[in-house]
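Make the full structure from the sequences, and use the hints.
Going down the list, the sequences are from chains A and B. Its first residue numbered 1, the first sequence is counted upward by one per residue in our numbering. Its first residue numbered 1, the second sequence is counted upward by one per residue in our numbering.
Read the hints as simulated data drawn from the structure, not as lab findings. Please note that the accuracy of each hint is not assured.
[As the list claims (entries may be wrong)] Derived coverage of chain B by chain A (criterion: at least 3 residues anywhere in the stretch with Cβ under 8 Å from a Cβ of chain A; other residues may be distant):
1. 79-90
2. 173-179
3. 192-202
[As the list claims (entries may be wrong)] Listed next, with one range per pair, are the computed distances between beta-carbon atoms:
4. B:L124 x A:V219: 19 to 25 Å
5. A:V219 x B:K175: 35 to 41 Å
6. B:D125 x A:Q26: 21 to 27 Å
7. B:G95 x A:K97: 53 to 59 Å
8. B:L62 x A:D96: 55 to 61 Å
[What the hints assert, rightly or not] Short, incomplete list of chain B residues facing chain A, as computed with Cβ under 7 Å:
9. E182
10. V183
11. E184
12. D185
13. T220
Model, not experiment: these values are computed from the prediction. No residue lacks a Cβ here, since even glycine has one placed at the ideal position from N, Cα and C.
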Amino acid sequence: MNQAIISCLHANLPAVEAVLKDIELQGITNITCLGDLVGYGPQPNEVIELIRDKKIPTCQGCWDEDVVDGLDACDCSYPSQLAERRGHFAHQWTTDKLTKENKDYLANLPYSIRKDKCLFVHGSPNSQHEYLLPDMDAFAALERVENARAEILFCGHTHQPYIRELADGSIAVKIKNAVPKDTQEKEIQLPMRRIVNAGSVGEPRHGGTKATYVVHNEVTNEVKIREVEYDIELTCKAIIDSGLPPIFAWRLKNGFEFAEQAEDASHVCER
Amino acid sequence: MIERWALVSGLKGDLDTYELIQKDLKKTPGNISLFVLGDMIGPEKNCNKLLHRLINPKSNDLQPWCIYGWWEEQILLESGYRGDQRAEALRINKGEELVKSLTNAVDKSFLDWIAALQFGFVELDCGLIHGSSKDVGENLTLETAPLTLLDRLTRLQVNRLFTARSKQQFHLELKEGIVNSEVEDLNGNRKKEQKVPQKAVIGIGAGKNYTLYDVGTDNTQFVQAGYKSEKRIKGFGRL
Ligand SMILES: [Zn+2]
Ligand SMILES: [Zn+2]
Chain A
1 MNQAIISCLH ANLPAVEAVL KDIELQGITN ITCLGDLVGY GPQPNEVIEL
51 IRDKKIPTCQ GCWDEDVVDG LDACDCSYPS QLAERRGHFA HQWTTDKLTK
101 ENKDYLANLP YSIRKDKCLF VHGSPNSQHE YLLPDMDAFA ALERVENARA
151 EILFCGHTHQ PYIRELADGS IAVKIKNAVP KDTQEKEIQL PMRRIVNAGS
201 VGEPRHGGTK ATYVVHNEVT NEVKIREVEY DIELTCKAII DSGLPPIFAW
251 RLKNGFEFAE QAEDASHVCE R
Chain B
1 MIERWALVSG LKGDLDTYEL IQKDLKKTPG NISLFVLGDM IGPEKNCNKL
51 LHRLINPKSN DLQPWCIYGW WEEQILLESG YRGDQRAEAL RINKGEELVK
101 SLTNAVDKSF LDWIAALQFG FVELDCGLIH GSSKDVGENL TLETAPLTLL
151 DRLTRLQVNR LFTARSKQQF HLELKEGIVN SEVEDLNGNR KKEQKVPQKA
201 VIGIGAGKNY TLYDVGTDNT QFVQAGYKSE KRIKGFGRL
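This is the structure we're talking about:
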């Protein structure tokens, strides 16, 4: 049985529609969304209503949380002051645009969703704002999955899709300075765990311009990253027409990594 | 001269114990730095004399370097130093009476000094904190999962973490850590074997039980104030 995991839709309706179509064409009905339905993009209400309509279980993303609770992102979210100002503008624009009903919907989204050995979160099990980047410290990454009591952790937030396997781990523990009865030295085997980042449907930051998401086979445990083309021009036009910063459109069209993202992979977000 | 750290916590207003420790340290050879890792205050006894002494050391006292601990956090919460929050967890778990005892134990004139204390110190490649780098209230013990300990070390980017919250005294070394990481993304596959250099977490004890750390040799001694310190080597019993 295949399940599809989507994340970071960011109010980009043409991208969401294209990805849902791609999922449908594969005959997949089991979909989980990792949040960030809104932010950056021009169609926040439309995207929320589509997800609600299709009854897709969704976690709360960092934007979904912030739009409801006021800005909560730690400074690590923005690489520059200019980026921060743009982010704040998009935040205000989205807050003004959202209907009360859709705001309530975002406010009541769960922080995480658990299905057997799979845990679904937006950023990390610690916070919607923490980035689990593909090359972060392997032990810290393993700790996130293990302390969340999961075997596979599905996350988003970085907008870069990846599959990371952490295997064959071990560590020796020695109690120094112990009296004989509790003198100990032992080797502890660390479990094999996986982190799967679903990338971003509506605001890709993987270098290309296509929307990304992942498909997980629950029997074989195989995970595939999917890339989907969508009508970028349509979204770009809507961004310009709505008065959002034109760089948001430029970014979608060029696929460069000028996105607002943490640059320090080792940073541990304290939020 | 040998460089030594004395690590103390959980005095909770006990000036007598603090004086005993100061007396001990005068007889301890080496160049000693004294760190007080929080819980200088508590609800059990009046803490004003101890606080006064920490802020105004006697001329022959070793200068104490203090950080805040769990009880300091509670009084700061309760006194409005942390925004709208109050010490609700304490109130729910231990009752209104205890919250009152705590606020009565500390004169308000000390609150600004407490509020200015740091969360922890980083000295050389060592982190000195009350609980953990994640939370002032987190207990790190011998039973804490090694991955959790590693994470708390990584957060401070240190090789040794001195912690007090659990009140236990221990010196746990983590070594020969290894994990294989394989990342697949749209650019392909990459494999990496990650190792951790030797790291350690040291529980320093509380109250009369404190720890001496020899910076040059990385050895710890667990000491009880008022008793001659004895190095605990394998084969030797507890004091
Ligand atoms: Zn996002
Ligand atoms: Zn996010």
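We went through each hint and held it up to the structure:
With 0 residues bearing a CB less than 8 Å from a CB of chain A, the region 79-90 of chain B misses the requirement of three and the coverage assertion fails. Beta-carbon proximity to chain A at under 8 Å applies to 7 residues in the region 173-179 of chain B; the threshold of 3 is reached and the given coverage holds. Counting residues of the region 192-202 of chain B whose CB lies closer than 8 Å to any CB of chain A gives 4, which reaches the minimum of 3, so the coverage claim holds. Look at L124 (chain B) against V219 (chain A): about 51 Å separates their beta carbons, and that is not inside 19 to 25 Å.
Range check, V219 (chain A) to K175 (chain B): Cβ separation about 39 Å, and the 35 to 41 Å hint holds. In this structure the supplied range 21 to 27 Å is violated for D125 (chain B) paired with Q26 (chain A), their Cβ-Cβ distance being about 51 Å. Hint check: G95 (chain B) to K97 (chain A), Cβ distance near 48 Å, so the stated range 53 to 59 Å is violated. Between L62 (chain B) and D96 (chain A) the beta carbons are some 60 Å apart, a value that agrees with the proposed interval 55 to 61 Å.
Look at E182 (chain B): its Cβ gets to within about 5 Å of chain A, closer than 7 Å, so that hint holds up. The interface hint given for V183 (chain B) holds, since its Cβ lies 5 Å from the closest Cβ of chain A, which is under the 7 Å cut-off. Taking 7 Å as the C-beta cut-off, the interface hint given for E184 (chain B) holds, the closest approach to chain A being about 5 Å. For D185 (chain B), the shortest C-beta to C-beta distance to chain A is roughly 4 Å, which falls under 7 Å, so the interface hint holds.
Here the hint on T220 (chain B) is kept, as its CB sits about 6 Å from the closest CB of chain A, short of 7 Å.
Violated hints, in rising order: 1, 4, 6, 7; the structure is consistent with all others.
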